[in-house]
Amino acid sequence: MSVMILAASESLADTVRQTADTFGWTPQMFFSQVVSFVIMALLLRRFAYKPILAVLEERRRAIEEGQLNAEKIKKELAEAEKRYQEIVAKANADAQKMIDEARESAAHLSERKQQEAIAAAEQIIAKAREAAAIEHDRTMESLKRELGRLVVQTTAKVTEKVLTPEDQRRLQEEAARQLAG
Amino acid sequence: MLDKMRNRCFLFPFLTLFGGVALATSAMASESEPALPLKPAPLVQIGGFAITNSMLVTWFVAAAIIIFAQVATRNIRAIPTGIQNFWEWLVESLYNFLEGIIGRELVSKTFWFFATIFIFILFVNWFGLIPGVGTIGWGHTDPASGVFHIDRPLLRGGNADLNMTTAMAAVFFVLWFVWAIQAQGVGGFLKHLFAPKGETSGILKILMLFIFFAVGWLEVISILFRPIALSFRLFGNIYAGESMLETLSSMMPALAWLIPIPFYFLEVLVGFVQALVFMLLTAVFTLLIAQHGPGPEGEHT
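Protein chains in written order, with the numbering used here: chain A, 1 to 181; chain B, 1001 to 1301.
Rather than coming from a laboratory, the hints here were simulated on the basis of the structure.
One should not assume that every hint holds.
Using 16 Å as the maximum straight-line C-alpha spacing, the simulated EDC-like pairs for lysine to aspartate or glutamate come out as follows [as the list claims (entries may be wrong)]:
(1) K1039(B) - D1151(B)
(2) K1109(B) - D21(A)
(3) K97(A) - E122(A)
(4) K74(A) - E64(A)
(5) K1039(B) - E64(A)
(6) K50(A) - E1088(B)
(7) K90(A) - E104(A)
(8) K50(A) - E1219(B)
(9) K1191(B) - E1219(B)
(10) K144(A) - D100(A)
(11) K1197(B) - E1219(B)
(12) K157(A) - D167(A)
Covered by chain B, according to a simulated footprint, are these stretches of chain A (three or more residues, beta-carbon under 8 Å) [to be verified]:
(13) 8–17
(14) 37–45
If you want the ones that stay clear, here's a sample from chain A, every Cβ over 10 Å from chain B, calculated [as the list claims (entries may be wrong)]:
(15) R59
(16) D137
(17) E160
(18) D167
The structure presented is a predicted model; accordingly, all values stated were derived computationally and were not measured.
Note that CB positions come from ideal geometry on N, CA and C, so glycine has one too.
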């Protein structure tokens, strides 16, 4: 068994050696390439990727911050909008209230002024009536006196006699009564 | 079902590996001189270590990427323009793509590696398509045909070198293990491999303990084969593409400039797809071991 394993391992080693020889693989060249590749990978890591990855990370952070700020601004804008709507609604309500009050006040004032105007008109009318009555009375009085005098004069002419003061007074009273009736 | 899937996962790399080796060996046997050598050519020898033509390409590409990234990020502006814009687009797109697959927490830790894998493999693959790579170098003139053959090209596609692809796969394997231990702890890691999944009781529970313990070993073998599968897949695709382009270029010398052109577009696509596949597989392997809680994917590594 062990002989078979030994033979197999020797055969495998021969195959590996032959393969390496066919393809020009040697431990020296292999290690040279390993060292070369490792140095190159480390150099690329340090000088090629690090600066760009730092820039990309910075940009990603800036974008995230920008997004957060945008969210914050959006929220603040929504709050401001809400506040604005509330203020506008309150202002509308206040304005409506003021308009209603003004309307009510105007209605009251109008009513009062109307009443005052009516009262003033009535007063003017009453005064006019009073003045007219006084004038009427004065005119009537004057008319009575004039009529009495004309009656006395006419009567004196018609009768061609001198009337006594008693007759004159009686005729004037009669004429005034006739006129009043 | 699970066992079948595991066995399939286990067998596939084996078949790929040995099939590839067999094909390559037969190709070598039938063709005395392949279009593109399988081995990278050493340019400079420093002690035991060699600087190869493929290594030179990887350095060129790495230096170009670093210089480009440095120029792009020299004067970083909040609103990007020009190459900063392009580099940002590339890195951010990759980051978002990987984040969608492996999650925010894991991507912040592992992005540098997966981004390197993708960008590096992609540009190394495309660099290999530049005329002159693999065709300028040292060679000889074939006395029979009079055609000049390149024996030792100055530059070679970086991923057409198995040393490079295995190096990347090996580095990933180490990192995968580190990330797995960081995420699960040693106990959690072993439990993830060997502990039975699902709710059972009585004799069935004991039976499941044995089954999952055995399946765990298959899982270990499957994990050990991942770097091999990753490296051979990438190497095979890129080497095959370059070989095809070189063969097509040398088929009819008069039309050598025309025939490979459609295949260049194909290779541009293959280069992208292979970079994506390597990155996606490594990312998914990492996700499967590092994710917390018994998810449905976590049981099918």
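(request) Could you tell me which of the numbered hints above are not met by this structure, giving the numbers in increasing order? (result) Result: hints 2, 3, 5, 7, 8, 10, 13 and 15 break, sorted rising.
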